[in-house]
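Visitor: We have chain A already, so just place chains B and C with the ligands on it with the hints.
Chains as they are written, first to last, in my numbering: chain A, 1 to 285; chain B, 1001 to 1276; chain C, 2001 to 2275.
Just so you know, these hints were derived from the structure itself, not from any lab. Hints may be right or wrong, so weigh each one.
To be verified - Taking lysine to any residue pairs in the SDA-like style, the calculated list, with each CA pair at most 25 Å apart, reads: (1) A:K117 to C:L2035; (2) A:K16 to A:S174; (3) B:K1273 to C:I2098; (4) A:K16 to B:G1180; (5) C:K2144 to B:P1084; (6) A:K117 to A:F107.
All values reported here derive from a predicted model rather than from experimental measurement.
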Amino acid sequence: MLQVDKLTKTYPTGQKALDACSLKVEKSQVVAVIGPSGAGKSSFIRCINRLVEPTEGQIWLDGSEVTALAPDQMAKMRRHMGMIFQEYNLVERLTVMENVLSGRLGFVSFWQAFLRKFPQADIDRAFDLLERVGLAGYENNRADALSGGQRQRVGIARALIQEPKILLVDEPTSSLDPKTARTIMGLIAELARERGLPALINIHDVGLALMFAERVVGLSEGRIVFDGAPDEVDEQILTRIFGEADWRQTIRHAAEDAEALERRRAAAPDGGDGAEPAWQSGAAR
Amino acid sequence: MTGDPSMADGIYTPTGRRIWRRRSRPETLRRFGLWLIGVMIVVWAITGLNVHWPFVLDAPQQVADLAGRMMPPAWSFTGEIVAPMIETINIATLGTILACVLSIPVALLAAQNTTLNRTTLWIARVIVVTSRSINELVWAIIFAAIFGPGPLAGVIAIGIRSIGFTAKLIAEGIEEIDRGQVEAIAATGASRAKVIAYGILPQIMPTIVGVVTFRWDINIRQSSVIGLVGAGGIGITLNSAMNLFNWPQVTIILIAIFIVVMASEWVSNLLRKQFT
Amino acid sequence: MSATDGSQAASASTRGRSWRKPPMIANPVLRYGLLVLLAAYLVYAVDDVNFDLARFIAGIPKAIDMAQQMVPPDFSRWQLLLDGVLESLQMAIFATAIGVVISIPIAVCAARNMVPKPVYLAARGYLGVVRTLPEVLIAIFLVKAFGFGAFAGMLTLTIASTGFVGKLLAEDIEDLDPGQVEAIRATGGNWLKVLLFGVAPQTLPRYIGLCIYRLDINLRESTILGIVGAGGIGATLYNSFGRYEYDFSFAILLSIIAIVLVAEWASGAIRARIT
Ligand SMILES: Nc1ncnc2c1ncn2[C@@H]1O[C@H](COP(=O)(O)OP(=O)(O)O)[C@@H](O)[C@H]1O
Ligand SMILES: [Mg+2]
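Bound conformation, chain A alone (with noise of 0.2 Å):
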């Protein structure tokens, strides 16, 4: 599906946030990116949609080489790349339902978009992706008069209609509560598994990260350092990737969290849908 191959960045100002870094996702899966603040991660995902311009190495996405198209074609292949940002970046004055559609930009005329006439079955999807998130009735508020968690949700519907063949995810949750944090990760781990999509998600907080994941790689001055599952994950990696500090706390907070988790999946006969886990509760807050 994914493969980096040797990607470099070099920023002009000569700051080099990645160093050969090689990674292949072969099968849908949640792949935490953890690592200090500066490691590389945002620069890592947004090499990969060229956002940022990588300097050296190879981008292949479903056999296409993503690194090697002109600028016309790399909009049409970013139509398959659904992100997700830290600040949300909704655009404030137009309505829920204008964010959530402007994922299917890639795919109407210039003047369907500009008159606001999407195809129907656009908005079929874009009514069911609100229910889904938890913001039926939501669609004509304006995005600026959201709270955070809604405005993360009104971004996962924006980057789940594109119908990507990835997800994107940069930092979901740094600007959000704690409680609100876990909601959102469990609401993108659960719907990229439940899409059967491949969902790159760089997060600092490794509690997070190991409960969500199903494959964590640990980013550390521009290199990758780990790459493994949430349980290979201990003292002596946390400390390669982040530093020396006192990780067992975090640790068995995360085991304990994950645990109970799977319990409560366990329990819900049809997979998680019919019973509501706790990090669903309070959907629209």
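Guide: Okay, now just chains B and C with the ligands, sitting in the frame of chain A:
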């Protein structure tokens, strides 16, 4: 503007008593020098005025005389200035609409973050500077020469004159937008035009409305004089009244201009409050 | 990953539900009424200004012709050009120097917190008239009173400066920190002392900024007042157009643009330094 008195090394009299002065000696000298240069420039300026003192001494008499001839206003003329006054408003409004339409693309090219390349940035800047530096009267002269005298020349003159002002302020608005919102739209695979329509336009809409209504107010005032050089509106009526020395008519025209300009300022403030 | 996956989680109730952006004006009668009015106004206004496509198109070759005659600009009569430019500069500088001084008493009189109501109203009335009337109209009347030439132009710019600086300075005085003024009053200062030690220090930086800004505006305006006979380069420009000497007109226009740019740059630089 207050100089900082250096407390460390105070000033002492020969007898050793410390005294206080607002500024140190070099600072005082520098200020004196600047004032001297300023006064010399002003003195030079007055030499150029070629004052004819007999005229100036005569002026109070002339003013009184003119004022006497201007009174009472020719109220009966009111009916005849309605049409040219409306034409003035129309010139200002259409000119503003023209400027609004043209200045959005110019503003996009004149903003660092949306321009296409260095060449387009420079072209847009030259348009802005030219439009802003040349007065509407001069633009009116130029367009009256091109399209013939009349309100059409006035509309185009007002429009071209306003582009610089509106485009400059809108471009400054564009340079201050939140880049994250634009980036998010670009990340969905939207083309450049769609990024502008969804990511940029909603963000700068309040700026556009504010700037354009503000400019409309200015244009009402300015389009009342472009008739003096043949570009339509109440200025033409004023010009002919003055050429005929019909001062009571001139008075009523001035009153009309005054009222309309005041009203437009009021309307423009109201609109800006409504929309921003 | 396809549409069917999306529908899995959604209820069927939303299928086929249409969506339209909520209009700015909710009442449809009012909305369409305003639209129709606007369209009608545009049609009428375009007709009122005698917009004639044929005439517009006929103007295009004339414009090209004019542009061709303009280049290259003709600087051969630089003496005439220089005289006009210098006269404009002199008008602008002298008018600013006097105007900003006269503005001070006017501003004090137009500040609600400094003077009795009748004085305030009179001063505000003066500012209202001066600021509302276009400068060119003021110039026309001063030309009638003082004859053609730079003196009338200088007076025009002086009066306009008092309107501009007077109004903005008056607003500053009204906004000042009452505490500092009270402090001076408490020491037993009279009205003049309050003005000198309480008001002046607080408003001075802004006042100097306003003076420089106004100098910038006066420099621009001084280049066109000649069109109505009030001195400066404007008369030369107007005449050159009248004689179809477009290459000379272009030279003058370039000079004006240069003056405006230098003035704007200098004014911005000075204001940035002092504030
Ligand atoms: N636009 C930029 N220009 C210059 N340096 C940058 C830019 N963006 C990021 N960097 C630098 O690259 C490094 C990695 O940054 P980033 O990818 O944002 O890390 P993270 O998301 O992990 O915090 C940092 O040292 C940062 O200072
Ligand atoms: Mg980051």
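Visitor: Checking each numbered hint in turn, tell me which of them this model violates, lowest number first.
Guide: Going through the list in order, the structure violates hint 3 alone and respects the others.
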